[in-house]
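Chemist: Okay, here's what each chain looks like letter by letter:
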Amino acid sequence: RKEVEQDPGPFNVPEGATVAFNCTYSNSASQSFFWYRQDCRKEPKLLMSVYSSGNEDGRFTAQLNRASQYISLLIRDSKLSDSATYLCVVKERVDSNYQLIWGAGTKLIIKP
Amino acid sequence: DAGITQSPRHKVTETGTPVTLRCHQTENHRYMYWYRQDPGHGLRLIHYSYGVKDTDKGEVSDGYSVSRSKTEDFLLTLESATSSQTSVYFCAIRGLAGGLGTDTQYFGPGTRLTVL
Numbered sequence: 001r002k003e004v005e006q007d008p009g010p011f012n013v014p015e016g017a018t019v020a021f022n023c024t025y026s027n028s029a030s031q032s033f034f035w036y037r038q039d040c041r042k043e044p045k046l047l048m049s050v051y052s053s054g055n056e057d058g059r060f061t062a063q064l065n066r067a068s069q070y071i072s073l074l075i076r077d078s079k080l081s082d083s084a085t086y087l088c089v090v091k092e093r094v095d096s097n098y099q100l101i102w103g104a105g106t107k108l109i110i111k112p
Numbered sequence: 001d002a003g004i005t006q007s008p009r010h011k012v013t014e015t016g017t018p019v020t021l022r023c024h025q026t027e028n029h030r031y032m033y034w035y036r037q038d039p040g041h042g043l044r045l046i047h048y049s050y051g052v053k054d055t056d057k058g059e060v061s062d063g064y065s066v067s068r069s070k071t072e073d074f075l076l077t078l079e080s081a082t083s084s085q086t087s088v089y090f091c092a093i094r095g096l097a098g099g100l101g102t103d104t105q106y107f108g109p110g111t112r113l114t115v116l
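So the protein lines, in turn, are chains A and B. Following the working numbering, the numbering of the first sequence begins with 1 at its first residue and continues without gaps. Following the working numbering, the numbering of the second sequence begins with 1 at its first residue and continues without gaps.
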């Protein structure tokens with residue numbers, strides 16, 4: 001079974017701190033990678049795509065390491081509003097289509 | 001906002017009863033998906049559709065059927081609900097992921113189903 005694995009947490013982090021979490025994937029042929037954010041009792045929402053060269057969006061930085069098959073998400077200057085579950089997603093080709101393989105998520109709690 | 005609505009948003013039903021969940025989208029997306037989300041698991045694909053009357057099974061399709069008679073509506077039916085189908089059900093559409101030149105999925109608000 002192709003898998004995407006994440007530390008479930010929770011990560012308890014003081015406001016203003018930097019926090020990082022990783023996600024490992026098992027299929028070396030995976031094509032694209034994403035981070036989603038899911039608030040309690042809400043739907044997942046796309047946070048950012050992960051570029052091969054790494055990319056930044058404000059306080060958020062995503063990195064991809066294909067050799068070791070993991071992606072990471074770094075959040076700087078964390079805010080209370082960053083409290084959520086962060087889902088790692090890997091896109092794989094299946095025949096002429098593709099599927100998204102989802103991690104179970106890492107829970108982040110930012111404390112004042 | 002992906003322009004997706006789901007109904008009902010909450011439902012409690014009894015074992016053995018049929019249940020139909022509806023997903024409605026307003027932006028003419030060709031691909032639609034049904035997932036379930038359970039604690040400790042990633043989202044798991046139940047069925048998906050790639051056009052009107054065109055559907056295919058996902059990873060956890062047993063006990064579920066789908067229909068798509070119009071582009072905007074994708075229905076998920078539990079023919080005879082079981083307690084193991086208690087879950088949160090999300091509908092999704094395929095859309096572009098900005099910047100990568102690839103696409104990903106965008107979700108409706110979900111339906112919380114409890115089977116007693």
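Everything labelled a hint here was simulated from the structure, so no lab data went into it. Just so we're clear, the structure is a prediction, and the values are computed from it rather than from any experiment. Ideal Cβ placement from N, Cα and C applies to all residues, glycine included. Errors might be hidden in some of the hints.
Cross-link-like lysine-lysine pairs, in silico, DSS-like; alpha carbons within 30 angstroms at most [stated by the list, open to error]: (1) B/Lys57 <-> A/Lys79; (2) A/Lys111 <-> B/Lys53; (3) B/Lys53 <-> A/Lys107; (4) A/Lys111 <-> A/Lys79; (5) B/Lys53 <-> A/Lys45; (6) B/Lys70 <-> A/Lys79; (7) A/Lys91 <-> B/Lys53; (8) A/Lys79 <-> B/Lys53; (9) B/Lys70 <-> A/Lys111; (10) A/Lys45 <-> B/Lys70; (11) B/Lys11 <-> A/Lys42.
To be clear about the criterion: a stretch of chain A counts as covered by chain B if any three or more of its residues have a C-beta under 8 angstroms from a C-beta of chain B, and this derived list gives those stretches [to be verified]: (12) 71-82; (13) 97-105.
Chemist: Sort out whether B/Lys53 lies within 30 angstroms of A/Lys91, counting only the CA atoms.
Modeler: holds, 25 angstroms
Chemist: For the pair we were handed, A/Lys111 and B/Lys53, check the Cα-Cα distance against 30 angstroms.
Modeler: violated, 49 angstroms
Chemist: How does the coverage statement for the region 71-82 of chain A fare against chain B, requiring three or more residues with Cβ below 8 angstroms from a Cβ of that chain?
Modeler: Our answer is that it is violated, as 0 residues pass the Cβ test (under 8 angstroms) against chain B, missing three.
Chemist: If you draw a straight line from the CA of B/Lys57 to the CA of A/Lys79, is it 30 angstroms or shorter?
Modeler: Not satisfied, since the Cα-Cα distance of roughly 40 angstroms exceeds 30 angstroms.
Chemist: State whether the coverage of the region 97-105 of chain A by chain B holds or is violated, taking the criterion as 3 or more residues with Cβ-Cβ distances under 8 angstroms.
Modeler: holds (count 8)
Chemist: Is it true that the CA of B/Lys70 sits at most 30 angstroms from the CA of A/Lys79?
Modeler: Given pair B/Lys70, A/Lys79 is violated - Cα atoms ~43 angstroms apart, limit 30 angstroms.
Chemist: For a C-alpha distance cap of 30 angstroms, please report whether B/Lys70 and A/Lys111 respect it.
Modeler: violated, 47 angstroms
Chemist: Compare the distance between the alpha carbons of B/Lys53 and A/Lys107 with 30 angstroms, and conclude whether the hinted pair is satisfied.
Modeler: It is violated: about 38 angstroms lies between the C-alpha atoms, which goes past 30 angstroms.
Chemist: Does the structure keep B/Lys11 and A/Lys42 at a Cα separation of 30 angstroms or less?
Modeler: With Cα atoms ~16 angstroms apart, B/Lys11 and A/Lys42 stay inside 30 angstroms; holds.
Chemist: Hint check: A/Lys45 vs B/Lys70, CA-CA at most 30 angstroms. Holds or violated?
Modeler: holds, 26 angstroms
Chemist: Take the C-alpha atoms of B/Lys53 and A/Lys45, compute the straight-line distance between them, and say whether it is at most 30 angstroms.
Modeler: Within the cut-off at roughly 28 angstroms; holds.
Chemist: Given the hinted pair A/Lys111 and A/Lys79, is their Cα-Cα distance within 30 angstroms?
Modeler: holds, 9 angstroms
When the structure is compared with the earlier hints, violations turn up for hints 1, 2, 3, 6, 8, 9 and 12 and for no others.
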